[in-house]
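Undergrad: Could you slot chain V onto chain F? The hints should help.
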Amino acid sequence: MSYREKENLVNIFSGLLITGIYAWIIYQKQLAGQFDLTVNYNKWGEILLVFMGVSIVARIIIYIVFHIINAIATQAEDIPKEDERDKLVKLKSTRNSHYVFSGGFVLGILALAIGMPIYWIFVAFVVSALLSEIVDNASQIYYYRRGI
Amino acid sequence: MGKKVIHNNIRQLRFSKDEMTQQQLADEVGVSRQTIVAIEKEKYSPSLELAFRIARVFDRSLEGVFFYQQGEGNNNE
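So the protein sequences, as listed, match chains F and V.
Numbering of the first sequence is given in my numbering, commencing with residue 40 and proceeding in unit increments.
Numbering of the second sequence is given in my numbering, commencing with residue 34 and proceeding in unit increments.
If we strip away everything but chain F, and leave its shape as in the complex, we get:
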């Protein structure tokens, strides 16, 4: 398995892990009555902003750990430089990712249109963001393995 494929696998698992843990903590706070996300929409903004910060810091730590482990396991010191194939793979994967995110957002709007509670748009936002990231990384693995 190449460095890029491993990097994308790590991204998928770290995305799932970070989002899962953060969502679980928020859900526990909701159950404990610290806030009510079904009516307090401003809280969603606060939670999502904090999540962005937490996610960036956690990913940096995970990436450093991954790089160290990979360097020890493969005896390779350098990260492969990005060339035209890597850029094309990223471009196509980002396109797929945007389709998923846009689709999720439209589904959220549709949910509002058919009378679902307003907080569903935020749920759709979070879920489509997570799914689009998974699709981005999975697409990269797919293109690296199957060719473009």
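In case anyone wonders, no lab produced these hints; they're calculated from the structure.
Some hints could be false.
Said to hold, decoys possible - Residues of chain V placed beyond 12 Å of chain F at every Cβ, according to the derived structure:
{"id": "1", "residue": "L46"}
{"id": "2", "residue": "R47"}
{"id": "3", "residue": "S49"}
{"id": "4", "residue": "V62"}
{"id": "5", "residue": "S65"}
{"id": "6", "residue": "T68"}
{"id": "7", "residue": "E75"}
{"id": "8", "residue": "Y77"}
{"id": "9", "residue": "P79"}
{"id": "10", "residue": "E82"}
{"id": "11", "residue": "R89"}
{"id": "12", "residue": "F91"}
{"id": "13", "residue": "L95"}
{"id": "14", "residue": "E96"}
{"id": "15", "residue": "Y101"}
{"id": "16", "residue": "Q103"}
What the hints assert, rightly or not - Within a straight-line C-alpha distance of at most 20 Å, the following computed PhoX-like cross-link-like pairs (lysine-lysine) qualify:
{"id": "17", "chain 1": "V", "residue 1": "K76", "chain 2": "F", "residue 2": "K131"}
{"id": "18", "chain 1": "F", "residue 1": "K129", "chain 2": "V", "residue 2": "K76"}
{"id": "19", "chain 1": "F", "residue 1": "K131", "chain 2": "F", "residue 2": "K120"}
{"id": "20", "chain 1": "F", "residue 1": "K126", "chain 2": "V", "residue 2": "K76"}
Glycine included, C-beta positions come from ideal geometry on N, C-alpha and C.
TA: Here is chain V on its own, set in the frame of chain F:
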């Protein structure tokens, strides 16, 4: 319409050039070894610029390294 594929003979050319490794070729043309592997396995068609750089390493014309062939059943098109 058949599948259009760009084939190449980079592997043979490497061996005839003092058994040049994929890494050496990659370094000379400025891409990763994985990209050379993908080109040799015909999983990736390089850009025109990269194709010219590869051809120049082997002192060949572009057609001396890469050749275009449509899928079976459409060879007379």
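Undergrad: Look at each hint and say if it fits the structure.
TA: Hint by hint, here is what the structure shows:
1. L46: holds (20 Å)
2. R47: The assertion about R47(V) holds, with a minimum of 18 Å to chain F.
3. S49: The claim holds: S49(V) sits with its nearest Cβ about 25 Å from chain F, beyond 12 Å.
4. V62: Nearest chain F Cβ is 9 Å from V62(V), so the label is violated.
5. S65: violated (5 Å)
6. T68: Given a closest Cβ separation of 4 Å, the condition is violated.
7. E75: Nearest chain F Cβ is 8 Å from E75(V), so the label is violated.
8. Y77: Non-interface label on Y77(V) violated, nearest chain F Cβ at 5 Å vs cutoff 12 Å.
9. P79: violated (7 Å)
10. E82: About 8 Å separates E82(V) from the closest Cβ of chain F, which leaves it inside 12 Å; violated.
11. R89: holds (16 Å)
12. F91: holds (19 Å)
13. L95: Its Cβ never comes within 12 Å of chain F, the nearest being 17 Å, so this holds.
14. E96: holds (21 Å)
15. Y101: Nearest chain F Cβ is 17 Å from Y101(V), so the label holds.
16. Q103: At roughly 18 Å from the nearest Cβ of chain F, Q103(V) sits farther out than 12 Å, so the non-interface label holds.
17. K76(V) / K131(F): holds (15 Å)
18. K129(F) / K76(V): With Cα atoms ~16 Å apart, K129(F) and K76(V) stay inside 20 Å; holds.
19. K131(F) / K120(F): Holds - the C-alpha atoms of K120(F) and K131(F) are around 19 Å apart, at most 20 Å.
20. K126(F) / K76(V): holds (15 Å)
Checked against the numbered hints given earlier, the structure breaks hints 4, 5, 6, 7, 8, 9, 10 and satisfies all the rest.
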